[in-house]
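Q: So the chains spell out like this:
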Amino acid sequence: MNAMDVARMDGPEADAPRIGGVLMEMKNITLRFGGVKAITDISFDIREGEIRAIIGPNGAGKSSMLNVISGFYVPQEGEVWFRGRRRPQMKPYEVAQQGIARTFQNIALFEGMSVLDNIMTGRLTLMKTGLWQQALWWGRAQAEEVEHRAKVEKIIDFLEIQHIRKTPVGRLPYGLKKRVELARALATEPKLLLLDEPMAGMNVEEKEDMSRFILDTNDEFGTTICLIEHDMGVVMDLSDRVVVMDYGKKIGDGTPDEVRSNQAVIDAYLGVQHD
Amino acid sequence: MLYREAGEFKTSYAQDSQTFPIWWDRLWYQVALVVGFAILPFVINDYWANAVVVPFLIYAIAAIGLNILTGFCGQVSLGTGGFMAVGAYAVYKLMTAFPEVSVVIHVILAGGITAAVGVLFGLPSLRIKGFYLAVATLAAQFFLVWLFNKVPWFYNYSASGQITAPERTVLGIAVTGANTPAWAKYLICAVFLFVLAWIARNLTRGTIGRKWMAIRDMDIAAEIIGVNPLTTKLSAFAVSSFFIGIAGALFFAVYLGAAEVGEAFGIQKSFLILFMIIIGGLGSIFGSFAGAAFLVLLPVFLKNVLVGALGWPSDLAAHIELMIVGGLIIAFLIVEPHGLAQLWRVLKEKLRLWPFPH
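Top to bottom, those sequences are chains A and B.
Those letters in the first sequence? Residues 1 to 275, by full-length UniProt numbering.
Those letters in the second sequence? Residues 1 to 358, by full-length UniProt numbering.
Source of the hints: derived by calculation from the structure; they are not laboratory data.
All values reported here derive from a predicted model rather than from experimental measurement.
Among the clues, some could well be false.
Taking lysine-lysine pairs in the DSSO-like style, the calculated list, with each CA pair at most 30 Å apart, reads [claimed, not checked]: (1) K91(A) to K129(B); (2) K27(A) to K249(A); (3) K348(B) to K166(A); (4) K177(A) to K10(B).
Computed list of chain A residues with no C-beta within reach of chain B, every gap over 12 Å [unchecked claim]: (5) K27; (6) Q76; (7) R83; (8) L131; (9) E181; (10) E197; (11) G201; (12) M202; (13) E208; (14) V235; (15) Y247; (16) I251; (17) D257; (18) R260; (19) A264; (20) L270.
The C-beta atom is built at its ideal place from N, Cα and C for all residues, glycine as well.
Construct the entire structure; sequences and hints are all you get.
A: What follows is the structure in structure tokens.
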């Protein structure tokens with residue numbers, strides 16, 4: 001049992017110094033696709049250093065919410081505040097450069113490249129050598145490559161994927177691909193890490209591994225994490241606070257215990273008799 | 001020993017990321033360099049230079065260029081012939097306008113001009129992908145050929161509509177024009193190919209290469225980790241066109257000596273170079289060499305066998321040759337769709353363990 005688990009078992013008081021001020025705030029977000037309202041007037045915040053979960057039944061608008069945060073969708077109404085400033089409309093790569101990384105529900109790795117190269121792509125925004133120096137492999141180019149390789153190797157160690165670092169990603173099994181995708185997101189040194197169903201399609205052992213990595217990431221790097229997950233057990237164990245969505249509306253928000261006892265949430269998940 | 005990884009210990013990341021990590025590979029690379037630069041220039045004759053080696057070297061440059069765009073960045077282009085024409089006409093205009101400047105500088109500048117044109121025709125790639133982009137680059141091909149035919153300024157108002165390379169020297173030795181010795185033709189192309197291949201390797205193993213490959217493999221994911229698709233795609237077009245422009249300049253100035261745009265840089269050239277990288281292997285520098293060698297050497301080889309050894313009439317041999325080359329291309333793509341480079345990779349993997357199966 002590591003120190004993390006101990007801290008968690010002490011309850012919310014022991015976690016207090018881990019979690020800081022508000023990192024990201026969503027204010028009255030509404031997202032429409034034509035006549036369909038995917039998200040209706042949702043507000044919530046993500047604090048620095050916490051693990052925040054978004055849950056809800058299928059089609060609740062969770063992934064849309066993540067896409068709003070990462071800049072793929074532009075909401076028709078509402079404001080996104082990041083690090084105390086209102087975020088103007090941005091392209092996804094600009095959002096990434098601000099320090100928001102994500103993984104995808106269906107793995108989005110670069111299949112033709114090795115694991116190492118895939119993770120190195122996470123460092124792209126941090127590498128500054130120009131085209132000319134790279135062309136001649138001169139001066140900063142090589143030094144920078146080695147410098148970033150060292151950082152990437154740390155992440156490879158951390159996620160225990162040393163043995164596959166030179167393997168092309170296309171040859172890897174599903175569980176490892178998920179881990180490589182997490183590694184690539186971590187390599188960007190994100191301030192906010194978005195995980196879209198990190199445990200979808202995994203068996204129990206893979207889920208346990210992934211949970212451990214998520215907790216360790218949060219613990220060792222202090223990374224703020226916002227995740228979507230269907231496995232209720234995992235969500236309740238991992239997260240500090242949970243947002244519950246249903247039909248594009250927020251129906252609950254609070255600690256796992258609060259959410260668990262929220263009548264609207266129970267209705268949404270178990271169904272309710274309408275009379 | 002033979003091709004082995006065992007016993008090779010890397011103690012730094014720089015060592016681990018070198019081009020030829022295995023000693024055996026490095027040895028062959030050095031042997032190739034010695035043969036290419038210290039032996040071949042002294043033994044090469046006119047026939048070998050003109051029929052085999054010089055076209056191979058020039059096509060290899062063009063194939064590396066197209067491979068950067070198509071193989072590494074995933075943008076299909078059918079405008080290679082047109083871009084080679086830009087290089088050829090640019091070097092022609094520069095050679096005739098500034099005769100006192102070295103032709104090496106002209107060739108490099110011609111590459112730069114082609115890069116600018118390539119970026120211009122690369123702009124549609126921001127909106128369209130795949131086959132549709134191929135059609136857009138096809139438009140570039142036809143437009144450029146038409147332009148060089150229609151505007152007499154490009155061929156200096158010559159009566160034939162041809163461009164002819166004047167004699168230019170490097171270090172006192174003619175490299176263009178009728179008096180060029182075979183070894184000088186060979187050497188200038190070999191030096192350009194060596195430097196450009198080295199640059200291509202550096203670019204593709206570094207940051208910019210990863211950006212290209214990220215865009216190729218999954219553009220959405222590339223964007224989400226902070227790759228700007230606009231600058232990345234356009235940089236691929238620029239670098240690729242630079243290479244192709246230099247290939248076009250050398251093809252005209254050193255190899256042909258005189259050229260007519262529709263004949264020398266028509267759509268067949270675009271397809272020829274595209275076939276080279278498909279047969280050689282997309283996304284591989286070695287594949288560019290292998291593909292160029294295959295498509296340049298095979299016809300020469302077949303001709304020598306059919307006409308020289310078997311004594312067939314040359315017109316019959318010419319047609320049979322086309323059929324054999326076509327058949328071999330199809331056979332190859334069925335056996336190994338990822339090209340000669342992949343065959344080579346598989347072979348190396350087997351060699352590492354040979355004679356054991358695992």
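Q: All the hints need checking, so say for each whether the structure fits it.
A: Quick rundown of the hints versus the structure:
1. Among the hinted pairs, K91(A) with K129(B) is consistent with the structure: their alpha-carbon atoms are about 19 Å apart, no more than 30 Å.
2. Our distance criterion of 30 Å between C-alpha atoms is met by K27(A) and K249(A), whose separation comes to about 13 Å.
3. Among the hinted pairs, K348(B) with K166(A) is consistent with the structure: their alpha-carbon atoms are about 15 Å apart, no more than 30 Å.
4. Proximity of K177(A) to K10(B) is assessed by CA-CA distance (about 26 Å); at most 30 Å being required, the pair is judged to hold.
5. Even its closest Cβ contact with chain B, about 23 Å, leaves K27(A) beyond 12 Å, as expected for a residue assigned away from the interface.
6. With a least CB separation of 22 Å from chain B, Q76(A) remains clear of the 12 Å interface cut-off, as annotated.
7. For R83(A), the condition that its CB be more than 12 Å from all CB atoms of chain B holds, with the nearest at approximately 17 Å.
8. Non-interface call for L131(A) relative to chain B: violated, since the shortest CB-CB distance, roughly 6 Å, does not exceed 12 Å.
9. Separation of E181(A) from chain B is inadequate, the least Cβ-Cβ distance of about 9 Å not exceeding the 12 Å criterion.
10. For E197(A), the requirement that its beta carbon stay farther than 12 Å from each beta carbon of chain B is met, with the minimum near 16 Å.
11. Even its closest Cβ contact with chain B, about 18 Å, leaves G201(A) beyond 12 Å, as expected for a residue assigned away from the interface.
12. Every CB of chain B is more than 12 Å from the CB of M202(A) (nearest about 20 Å), matching its label as outside the interface.
13. The claim that E208(A) is not at the interface with chain B holds, since no C-beta of that chain comes within 12 Å of its own (minimum 26 Å).
14. Every Cβ of chain B is farther than 12 Å from the Cβ of V235(A); the closest lies at roughly 23 Å, confirming the non-interface assignment.
15. The Cβ of Y247(A) lies farther than 12 Å from every Cβ of chain B, with a closest approach of about 27 Å, so its non-interface assignment holds.
16. Listed as a non-interface residue, I251(A) keeps its Cβ farther than 12 Å from every Cβ of chain B; the least gap is roughly 29 Å.
17. With a minimum CB-CB distance of about 34 Å to chain B, D257(A) clears the 12 Å threshold, and the non-interface call stands.
18. For R260(A), the requirement that its beta carbon stay farther than 12 Å from each beta carbon of chain B is met, with the minimum near 33 Å.
19. Separation of A264(A) from chain B is adequate, the least Cβ-Cβ distance of about 33 Å exceeding the 12 Å criterion.
20. At roughly 35 Å from the closest C-beta of chain B, the C-beta of L270(A) stays outside 12 Å, upholding its exclusion from the interface.
This entry does not satisfy hints 8 and 9, going by the numbered hints stated previously.
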